[in-house]
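Chemist: What follows is the residue order along each chain.
4 protein chains.
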Amino acid sequence: MGVIVVNTKAYKEGMGENLVELSRIMEKIGEKYEVRMILAVQPSDIRLVSQLNIDVFSQHVDAIEYGSHTGWISPYAVKLAGAVGTLINHSEHRMKVEDIAKAVEISKKIGLETIICAGTSEISKAVACFSPDYVAVEPPELIGGDISVTKAQPEIVKNAVDSVHSINKNVKVLCGAGIKNGNDVSKAIELGAEGILVASGVVKVKERKKIIEEMAKAMVK
Amino acid sequence: MGVIVVNTKAYKEGMGENLVELSRIMEKIGEKYEVRMILAVQPSDIRLVSQLNIDVFSQHVDAIEYGSHTGWISPYAVKLAGAVGTLINHSEHRMKVEDIAKAVEISKKIGLETIICAGTSEISKAVACFSPDYVAVEPPELIGGDISVTKAQPEIVKNAVDSVHSINKNVKVLCGAGIKNGNDVSKAIELGAEGILVASGVVKVKERKKIIEEMAKAMVK
Amino acid sequence: MGVIVVNTKAYKEGMGENLVELSRIMEKIGEKYEVRMILAVQPSDIRLVSQLNIDVFSQHVDAIEYGSHTGWISPYAVKLAGAVGTLINHSEHRMKVEDIAKAVEISKKIGLETIICAGTSEISKAVACFSPDYVAVEPPELIGGDISVTKAQPEIVKNAVDSVHSINKNVKVLCGAGIKNGNDVSKAIELGAEGILVASGVVKVKERKKIIEEMAKAMVK
Amino acid sequence: MGVIVVNTKAYKEGMGENLVELSRIMEKIGEKYEVRMILAVQPSDIRLVSQLNIDVFSQHVDAIEYGSHTGWISPYAVKLAGAVGTLINHSEHRMKVEDIAKAVEISKKIGLETIICAGTSEISKAVACFSPDYVAVEPPELIGGDISVTKAQPEIVKNAVDSVHSINKNVKVLCGAGIKNGNDVSKAIELGAEGILVASGVVKVKERKKIIEEMAKAMVK
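Chains as they are written, first to last, in this note's numbering: chain A, 1 to 221; chain B, 1 to 221; chain C, 1 to 221; chain D, 1 to 221.
Keep in mind the hints are simulated off the structure, nothing from the lab.
25 Å max Cα-Cα, derived SDA-like pairs, lysine to any residue: (1) C/K187 x C/G144; (2) B/K180 x A/S68; (3) B/K187 x B/K217; (4) C/K96 x D/S68; (5) B/K96 x C/H93; (6) A/K158 x A/K180; (7) C/K206 x C/R24; (8) C/K217 x C/L191; (9) A/K109 x D/E122; (10) A/K96 x D/K109; (11) B/K172 x B/S186; (12) A/K158 x D/N168; (13) B/K32 x B/E21; (14) A/K172 x D/E122; (15) B/K96 x A/H69; (16) A/K204 x B/I106; (17) B/K109 x A/E17; (18) D/K96 x A/D133; (19) D/K187 x D/S166; (20) D/K221 x D/A152; (21) B/K209 x B/Y33; (22) B/K28 x B/K221; (23) D/K32 x D/G192; (24) A/K96 x D/D62; (25) D/K96 x D/D133; (26) D/K96 x A/S68; (27) D/K109 x C/E13; (28) A/K96 x B/H69; (29) A/K108 x A/Y66; (30) B/K204 x B/I147; (31) A/K96 x C/H93; (32) D/K109 x A/E155; (33) B/K32 x B/G182; (34) B/K96 x A/G67; (35) A/K108 x D/K96; (36) D/K12 x C/E65; (37) C/K96 x D/D62.
Can you build the whole structure from these sequences, using the hints too?
Modeler: Below you can see the structure in the form of C-alpha cells.
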C-alpha cells in the first residue's frame, strides 16, 4: 500500500484546529484510494490528532529513556499521547549518528514506527543499517522548492532504493523534496519509492483536497 | 503570591494519565493555601493538562517563528495547545544566549510567561537582562540530590535575588535543586525567593499530597 | 589605545603562509599609528603566528578544563601554543550561556584575554555580566555585507556602549559587521567603541595594506 | 602493517612540549617493530608535531569548506599545518550523520586520511558506507576504564570487523577502549583488528616507553 506522509513542520497552517480539516481530507481520500495517510505534527498536537481517524507521527523524538531530560521529546510521551510513529533526522533537525541508532532502538521497543530522513543515497544506505521501517530520501537543497526531486535528481531516488535494499530488503523507501503534483508522485513510484513525504506542497496550498486526491490517485495507478 | 513549579521532566510518573492525579492534588492545595501552582510537562502532554484546572507550562520552547522547523518545539504550537508559559534554558537543556533572548522575545509577543533557569547568581544576573517573568536559580550539581540549595549554598539564592533585582526589580526569583520539604521552602522564601522549582522531590515520591501540602504551607507562613 | 581585530575565519586567504604577510603589514601599521593589532586565527595556525611580532588570538575556545575532551578546543592548548586571547561566542559559533561564563572564567585563570561577541545591545549587556576584556557588538545580518553597522544601525553601537558600561565600566566595546573603510572606523570611535572587529573587509581584499592603514589612521584621529 | 593511534585528548600530559618526548618514543618503537605510529593531537599542536618524525592527525575536523566559519576546525587549515589525517566522530565529539559524510568527503578531496569512531558494530557498519580509511570501534562505556574492550566485549570487535567488511573490504578496523597492555593488543589483532586507538593508557602513564613497546611487540607477533 502506497504511503503519503504530510509533515506540518511549524507552519501556522499545520497547527491546532487547522489540523482537524486536513486530517479529515486525508482520511477520506486515503480510504477511497487505499493509500496510507500519515500526519506528522508538532508534539503538542499529537493528542489532538490522535483522536481523529488518521495515523499520527511525531516530527521528531530525542534518543532518551525515561528520566531527567527536561524539555527533550520523549518517545514514551509521544507514544502515550497517541503517536504511532515518528520522523527521525529530518533535514531541519539532523541528529548524531549514535542518537539515530538509539532513537530507532527505543522506538522499536515501544512500538513506534520510524522514518529516517537522509539527504543522499549514500546516507540512505548508512541509516538503513539501523533497520527503520522507512528511509525517506530528500536532497535538502530541493526541500520547499519548485522542482521535485523526481525531476531534478531522479537518480538519487533510484540509487537510494537500490542501496537501501542492498542493506535490508524490508526497509521501504519514501522520497520527498519539491513534490507538488500527481506527475511527481507517479515518477516517484516508478523509481521504486513506496510513498512520498510532503510538507508545504500540501499544507500551505489553498486546494489541499484537490492536490492530495491527485497525489493519492497517482500512487495507485 | 508564592509559586510552586513542578517539572515532570521525562519521568514515567509524570506523563499521560499520571498527570491527572498530580494536577488535582496541586489544584486543591493551591486553592487552600493561595499558592500559585504550575505544572511543567512534556509538549505532548500540554493538551491533556490544559483541560484540567491548573497552569500548564512547556518544559522548553525553541527560538523559532512559524515556518520550516520540523521537530523543534514551536512557542506558537504550545500556546495553541493551552500552555500559559514555558521553562527556558533548564540545566538539562541549556541554550545559546542568542536563543534565550529570542525565545523570551517570542514568548512575550504571544503571551507565554517565561522562567529562565540559571546555574549561578552571575548567570542569573545575565539572563535577567532579557526581562523574563522569573529567573530560577538552580546549581546543577545539586539537582536531583539529597541536599537542598537553601542548605548547601544559601548565598547563591541570596546573591541571585540581589543581582537579578539590580538589573530589573520586576523579575521574580525562584530557586530549585534538592528541595524536599517545608523547611527547604521556608528557607528559600527567607532568602528572598518568591517560589520554588521542584521535580523528583514531588513527582517521584509516594506521598505527593503530603509533600506538596507541606511545601505550600511553608510558603505562606 | 585603539584596537583592530582581524578575524581570518576559515578563509583560504587567512590560513598558513598567507598569514605571514598579513601579520607583517599589521605589525608595521600598528607601530606607526600606535594602534593595537590582533590577529584571530584558526587554532592550527596559532603556533605559526605566535612566532611573528603580533598578538594572536584563537577564534574560539571550548569551555573545558584539562581532560577527556577529544577534538574540542582547549584554552590551555591554545595558550601553550602562544595565543594571548580568544574570541568567544562569535556569530558563526554561538555558545550556551553557561559555556560563555565558564570559557571566560577559565581564560582569566590562565591569562587569556577575552572578546565576547554579541548581536544586539541587550545581549551585549548580558554578557558584560561575565566581565570579559571586550564585548564586540555585531548584528549578524550585517556581517560580511556592504553596509557597515555604524551606518545601518549606529544606535546599536551607542546602546551597546551605554548598556555594557552600566554593568561594568572596565569592559571595552568593539564593533563589527560590514566595516570597510576609514569613515566606518571614525564613526565607530565617535559612537564610543574602542576598536573594531573586521574579517573579509581586510582579509579578502587586494589592497590589504591600504585599507588597514586607512583604518588605523581613522582610529587615532 | 599494524597501527597504533595515540589520542592525546585535552590531557595536560599530551600538550605542547610534552608531545615532543612522546613523539620520539613512538617514532623509535615504530621503526623497530615496523608498526605505524599516529599521534592525534589538539589542532593547536599540529604544527609542532608535524615538524617531528611522526604521522600527526587532528582529533577532529568540522564539515566545512573554505569560508565564514569562525572558530570551527577547518580540514584545509589542519592539512596546511601538517596533519596527514583526522579522527572523526570520536565518542567525546559525536557528529551528525550528514556531517560525518561531508567531513570524510572533504578529507578525501584534500588528502587527509580518516578514522571514523563508532560505539557499536551496527554503527561501525553504517559509517563504513562513507568509505573512510579506518573505522575505530570503541564502546563508550569502556573508554578510559580498566577493562579492555577485547576482554569485556570481544564480540563487538569481531562483529565490527565482519560488518564493516560486508560493506567495504578496503576499510580497516581499529579497536579501542580500555586497552592497556600487550595482551589486549594481541587479542585485538586476533579478533581481526588491524590496529588500536589508545589514550590515557599511554599518555597518562609513567612508563610510556615500556607500554608502547609492549603494544608494538604484541602487534607484530
